[in-house]
Each structure stands twice: as structure tokens, then as C-alpha cells.
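Listed here are the chains, written in short residue letters.
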Amino acid sequence: MNRREILATAAAAGLLCASPGSARAVAAPPEARRLLALLRSPAAARRIGLAYLETSVDEADPAKLVALIVGDGVDRGTADGDLLRHVAERQRADFAAGRTVKLDGWVLSRTEARLYALAAV
Amino acid sequence: MNDGDCVGEHRVDLLWSRLRYFGGTTGHWGGNCAPLDEQDFEERAWVPDSGWPFPKSELDASYPKAYEYCELPSANFSADYWAAQSASFRERRIALAGDPIGEKIMLKSPPTRFGEVYRTALSRAGNRCDVYLHANVVEIETTGEASRVTALRTRGIDGQTCRFRAGIYILASGIENARLLLLSNSVRPQGLGNDHDVVGRYFMAHTTLRTGRAMLSLPEGTASYYATLGWEQRFLSEVNPFIDALQPSRAAQQREGILNSVVFFEESYEGEKTPGFVAMRRIAKQIVHGRMPSNLVHDLGIVVGDLDEVVKALYARSFGDRSYKILQTRFFCEQAPDRDSRVMLGDDLDALGQRKLVLDWRLNDLDKRTIIRTQNLLAEQFGALGVGRLQVEFDSESDPWPKGVDSSAHFMGTTRMSTDPRRGVVDGDCRVHGIDNLYVAGGSVMPTSGATMVTVNIVALAVRLAGHLRSRLS
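In the order they appear, the protein sequences are chains Y and L. Every letter in the first sequence is one number past the one before it in my numbering, and letter 62, counting from 1, is 133. Every letter in the second sequence is one number past the one before it in my numbering, and letter 325, counting from 1, is 377.
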């Protein structure tokens, strides 16, 4: 994973993009599609996500990843903008609490690493 | 005469980093200034051999005069103050939480070249100060029991010798202070002030490492407020009067069990860390310093072998191509006091027939942990603020030190201050233990180095010493 991939994957402020992208469809759950739509570059996200899954094999399940990414307080009625803010807030909380992972040296929040993993499963 | 050998893993350039002329190394310093922090003076349980004989509050009275001597634009080191002064900085200032990462403002001296700026005042008639140039002290002569200095013996390159006598003697010559004490061994075979084998020990520098890079969502120009002056900026007519360095809070240092440190940003371009570009920079640096490049053929070979990367980096820098721009993090850290990090006398002789220095600069696990933990704190802080992400390269304390560890040419310790003669060479007044009229000034007396530039702190210590001597002599 190089700098250009990271840049392609994420907007630096929150590593997420508000505008819907061309994420591939996943089988389930339905929130997964909405989460993947937040990614700017799903292809690069998949590469990062695969690196994460190598370190966390037990999380290679879309339903489990969605639950870990959004936690509580989000349902189908949550607007995309609110979903983005919710996930961004969880990322910040991860950093504040030291819940980080290092992938190719990049220090990422667990939530964002799981989001990339969601693109890879 | 400044040259010497380096043994051990980490090397410094003893020849280039020091200037043996009137005004000393102020002749080539960068000019950044900030006082030491309070914790730098305290005994910290996780930093062996830390603690000064006095708290920072005692040195505070000497700083205003030191700022004046260093011609600082202000005496205000508050980031809030500078944000109020500068709209540009206000817009670009990173909204750090203070803990775990806060700010440390460094103000810029012109920089003051002391030899030039104060030469006229010192040569003025009636100022009770005589300056002798080319008088290299080769021995400190003492009474038979070495309790008082009786004279300084000097020798010029032409072989001419002199003896200088005074009531009080002050050594003020960086690590040469330790060398001179060790060389003055006619009465005490182990050297003066060295009854407990401390002279030359606890050599410290500011451990500097450019490692890792940042991907930040910040307005253009932000990095200039968080960077030391790059070579290209030296030609600008206007530069920021301060640097806002990123600094782990005092509480974070305690929680993590790490040394004091600050972090700067440096903008560079892809390809500038390749062996070819590094070799080219090495050649250019030596030419700029008026020297014939050493290992020229070897380095040119590396440049040619890496030519595509060199050209790419040169192109990107020349045209400011942002797509190749990298924001690098530069860690500037206090070094852990270490008794085995030391200067000694070697067997080789200099032009005056004096034994040259041998330096064994050692960094330990605490030094490593400080950089690694600081970069993690920084990464977590950037993420928590939503500012961006950090990529780290030096990630494990079990890894060897990466290439490029630098001393910043800030040489400290070797005649450290302590109330206990077994742990220090000079007492809290900077007087050599056991010798009534011999004092030491400069970074060599500092028991710990802090994470700031040394010059203004050396000047403050000199102001404090002057006050002590004024009291003593009156």
C-alpha cells in the first residue's frame, strides 16, 4: 500500500467521501452497501482491507464488520450524511482511545480499517 | 584542532559542527530559540540521572537578558499570542488539544553572530575586557593540591606560549571544556575535577531523526509554521518570526515514560530519500562548505546509478510539483543521560601537540522509545482531530536505529552540573567541584538537554553565572 493508494482511498480529513461512489454490491447486510458508498476509491480500499484481514481473520464477515463499524445508534432510517458523521466520529474516538492498527506503517483507526475490510470481503 | 575520532554506532562530525573562532558556533547556528521546559529541570523517575540542582524558576530571571543578547523579536512564547498577531497563522494553526500533543513556540534570532555583533563593544576602550585571539589554552595550571587555578597556559599555532593569570577562570568551549580538564593532568593524573571519573561522561546531543510522513488536510502554507528553516527558505526576504513545534505534553511524557521531544514538519519530494539523491546532497553540502567532496567517485557512482530518481526529485523540487510533495516528520528529542556516552582523550595529537578527542556517542532504549511513542501519540492526535494520518517507518524498539540519526550538532553534558561530586563535575553555581576559582559555562554543564535549541539557554546560564560572580566578587 503506498501513499497514492492511501490518497486515492481517502479524503484526509476523515478518510471518507460524502458523495456516493461506485462501490461493488455485497450480499448482506443492507447497511454494507451504504457504508461502501462512502468510500472514494473502493479498489484501493480493498487492498488495504485485505491487509487488515490478514491480521484479523476472524472479522472476515460482512455482518460482523458492519456491526463493528457502526456500533449502536444507526439504523436503516439514518441519512447518508448522518451515517458519514457517525462513522467519522467513531474513527476519531478510536484514535483518542488508542484503538489503532498499523497497515504498511499507516496508523489507521480500527473503524476505518474495518470499513476497508468490508470492501474486501 | 577540532577534529577527533568517533567510535561506536553513532557518528557526529566533530570538524564541521564546531567553529574555532571568536563567537564560536554562533557563527553558523540556525537562530531558533526557546527556553527549556519546567520538567527538564526536574528529577523524573523514568529518566535516570535526570534533575538539575535548581528549578526552572531560578533560571527564569536570566532569560530576558538572554533574549536580548540573541536579538529575539519578542519574549512571548505563547502560541495564542502569535495566533493573535498573525492572521495567516491563525488560519493555519493546527487545533491541538494540548494533551497528548501541545505546542512549543520557538522564536527566531536573526541569527545573532556573537563574534560580529559584540566585537565592537568588547574592543571598546574602558570596558574592562581584553580579548586575546589565537591563544589556545593547552593547560589549566593549579596549586599543588589542585584546589585553585593559578594560570592558563596558551600556545599559538606559531608555537608562542603565554600564561594568563586571573582571580576567577571560566571555561566556555563546549566539549572542549572536558578535553581541557582531562588534558590538565600534571597535578591530578586523571585530570582536573575528575576525582569521580565524571569528566567527559554523559555526552548528550539532540537526537534528531527524519522518519515517517504525514498526509494532512490542511491549508497550503501550514507546514511553514511547523518547520525549521529549509535551505531554500534562507534566501527569502521574509520568514515567519517563529516556529510552532508539536510537543508531547508533560503529562503525556510521564504517562508514556518518555523523554521530552518536539516534532517539526519538513516538506520534501518523492525521490529525495533515495541513495542517489542523498549522495548528490552530500557532494553539494561539502562543496558549499568549501571542501573537496570526500568519496567523490563513489558518491558520483551512486548518483549515476540512481539517476532517474535523482532527476525526478530535482524536477519536482525545482518546479514545486505538488503531486510529488511529501510532508515528513522530523523528531527532535532530548537524549537520555548515559554515563557511557562520553568524550575521551585519544592517542592522536593535534597541531598543538595535544591529544585529540574521541567521542563515543551512545543512544539507549529510552531514546528509541521516545521517538516511537511520540510518533504514535502524534498519529493518534491527528486522527482524533480529523486532521489526517501518519505513516510511520521506525516502529519497533527491537529494531536497530535507522540510518540518518543526527546529533543536530548540539553537544551537551561532559561537565554536568550536580550537587553531588560523584554525579557531576560542577556544582549548582557552575563551579568545578573541589576547585575554588574554576567555573564552566555552556551546554557542557547541562545535566539534561530538554527538547529545545541550546544557544539561548546557554546564554541564560551565562547570564546567571555572571550574576553569581558579580555577587562573589563584590
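Everything labelled a hint here was simulated from the structure, so no lab data went into it. Predicted model only: the values in this text are computed from it and were never measured. Incorrect hints may have been included.
With a straight-line Cα cutoff of 30 Å, these simulated DSS-like cross-link-like pairs (lysine-lysine) come out [claimed, not checked]:
| id | chain 1 | residue 1 | chain 2 | residue 2 |
| --- | --- | --- | --- | --- |
| 1 | L | LYS408 | L | LYS337 |
| 2 | Y | LYS135 | Y | LYS173 |
| 3 | L | LYS325 | Y | LYS173 |
| 4 | L | LYS364 | L | LYS455 |
| 5 | Y | LYS173 | L | LYS160 |
| 6 | L | LYS160 | L | LYS108 |
Each hint tested on the structure:
no. : hint                  : verdict
1   : LYS408(L) x LYS337(L) : holds (25 Å)
2   : LYS135(Y) x LYS173(Y) : holds (21 Å)
3   : LYS325(L) x LYS173(Y) : holds (22 Å)
4   : LYS364(L) x LYS455(L) : holds (23 Å)
5   : LYS173(Y) x LYS160(L) : violated (37 Å)
6   : LYS160(L) x LYS108(L) : holds (22 Å)
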